[in-house]
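Q: Chain by chain, the residues run as shown.
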Amino acid sequence: MNSVIQALLIGSRATIANVRANVQTFLISVMTIAISIGILGLFLIIFFNLNGFLASWNQQVQLIVYLQDDISRAQKGNLEDLFKTNSRVQSTEEVTKDQAWQEFRLSQAEKSGLELDLGFNPLPGSYRVRFKMSDNRLLHISKFAGKIQSEPGVESVEYGKSWVSRFEKFMVFCRVFLMATGALLSFGLILIISNTIRLSIYSRQDEIELMLLIGATPQFVKIPFLLEGMLQGLSGSLLSLGLMEIIYYYLRNEFQTSIESIARGMGFQFIPEPFLLILVGSSVLIGLVASYISTYQYMQVLNRR
Amino acid sequence: MIQLFNVIKKYGSGSPALDDISLRIEKGEFVFLTGPSGAGKTTILKILSGWEHFEEGQVLVQGINVGKLNAGNMHTLRRSIGVIFQDYKLLANKTAFENVAFAQEVTNRNRKTIKFKTWEALKNVGLTSKKDSFPPQLSGGEQQRVAIARAMVNAPPIILADEPTGNLDQEISLEILKLLEELNRNGATIVFATHSQDILKLGNHRVVVLNRGKVISS
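Chains as they are written, first to last, in our numbering: chain A, 1 to 305; chain B, 1 to 218.
Calculated directly from the structure, the hints in this document are not laboratory data. Careful: at least some of the hints might be erroneous.
Said to hold, decoys possible - Calculated lysine to aspartate or glutamate pairs in the DMTMM-like style (CA-CA distance at most 20 Å, straight line):
1) B/Lys-46 / A/Glu-209
2) A/Lys-143 / A/Glu-155
3) B/Lys-94 / B/Glu-120
4) B/Lys-89 / A/Asp-206
Produce the complete structure using the sequences and hints provided.
A: Here it is as structure tokens:
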């Protein structure tokens with residue numbers, strides 16, 4: 001145990017020496033990581049806010065069941081029974097033909113200042129069905145709508161199916177785009193970090209050869225470079241996320257009220273904590289993988305002599 | 001004990017650097033390897049320290065079959081060998097003390113032992129007063145003494161010296177030879193590669209003469 005701690009301590013000292021010897025290259029690498037993580041973080045922010053937006057809209061979706069003008073009392077009773085027996089239904093509200101016409105006339109009068117009088121009422125009566133909050137709320141609404149639609153006395157049903165599915169498709173595209181961008185940036189980062197570590201290795205080539213000649217294990221030689229790669233990943237991601245958080249708080253203070261008024265109470269959110277940890281962890285892991293590739297390749301060259 | 005059995009080493013497609021060499025060096029022996037440039041002196045030392053592969057034959061060092069070692073366990077061989085080079089191979093950014101201590105750090109010794117052993121090694125080569133000097137601040141002879149201290153600090157049973165006096169004048173060379181002879185008296189096996197006839201005359205030891213990768217006399 002002590003020897004492991006000592007090896008890590010010596011490795012850390014060597015890492016600091018490496019960084020000092022190649023401070024410019026180290027900083028360039030850290031900045032590149034920061035920019036890449038920044039791009040990924042920005043996409044994540046957009047994604048989570050759109051997701052939040054979708055979730056908040058989803059919860060506002062209600063089912064409107066339009067009734068045929070000649071619907072009988074028994075058919076109405078049948079529909080009301082169906083609403084009552086569905087455990088996911090929170091409340092129902094009946095809107096008669098007259099109420100619908102009154103509401104429509106009022107809203108038109110507010111908009112145009114004109115009183116509508118057609119001499120007849122073209123609007124159907126309806127039920128407004130609200131559902132309880134749940135994970136698969138939209139799916140339940142869609143299923144229930146399908147069932148209700150074929151009931152006698154029902155003209156049609158409406159719950160914003162088309163825009164919800166379009167928005168959901170867009171979110172799937174966002175997810176794929178995020179993953180593809182993440183993979184591409186990770187690959188780029190591995191190349192950049194492994195090149196930085198390679199420079200670091202070459203600048204200490206004599207020392208490495210000497211270490212091996214005087215009995216160092218390959219692990220002992222590799223540790224400082226692996227730590228350097230991890231340090232680059234950690235510094236880059238922390239720098240990037242730190243800057244993003246500052247910008248986020250600034251934007252939130254400036255625009256929160258406007259966003260709330262547009263998106264009806266929805267807050268502008270930063271990357272959730274678990275994803276922050278995943279970003280930092282992935283960045284450190286990328287640093288580790290990249291430096292491992294460089295040291296492994298270098299050791300292979302030495303061993304091929 | 002060191003044994004080479006019919007060792008062949010080639011660099012590229014040219015004539016072999018070592019051509020069917022067999023050699024036996026007993027425990028506690030002091031042996032000079034000599035011969036002109038390209039004779040194979042350095043190649044033998046590199047093979048003994050596991051730094052070069054060889055195509056054919058077998059090499060045993062302290063009972064370890066060198067050809068069977070891989071990168072993962074090569075350190076077991078190297079920890080039983082101290083190496084001294086013509087160009088000293090000291091780390092310029094470390095002091096004399098740190099250079100000697102470095103050889104123990106890589107073997108994961110504790111700090112107290114490292115301090116004590118480093119001081120002892122520097123005392124043995126008469127350089128305690130220069131312990132805080134960096135290599136460029138030391139003369140060639142002093143740098144080679146630091147290198148000897150580094151090679152001996154882990155008390156290896158074998159010391160391989162590759163032209164350790166090649167860059168030094170005769171007086172300093174004699175000093176280095178005496179230091180190595182003292183290590184030999186303390187039990188270390190010394191393999192000293194040199195092409196200097198003066199050194200060969202000064203040290204009364206077995207001489208292995210090489211030429212074009214072959215042992216001419218032993």
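Q: Each hint should be assessed against the structure and marked as holding or not.
A: Hints and how they fare:
1. B/Lys-46 / A/Glu-209: 13 Å, holds
2. A/Lys-143 / A/Glu-155: Holds, at about 17 Å.
3. B/Lys-94 / B/Glu-120: Given that 20 Å is the threshold and the Cα spacing comes to 18 Å, the pair holds.
4. B/Lys-89 / A/Asp-206: 8 Å, holds
When each numbered hint is compared with the structure, no violation occurs for any of them.
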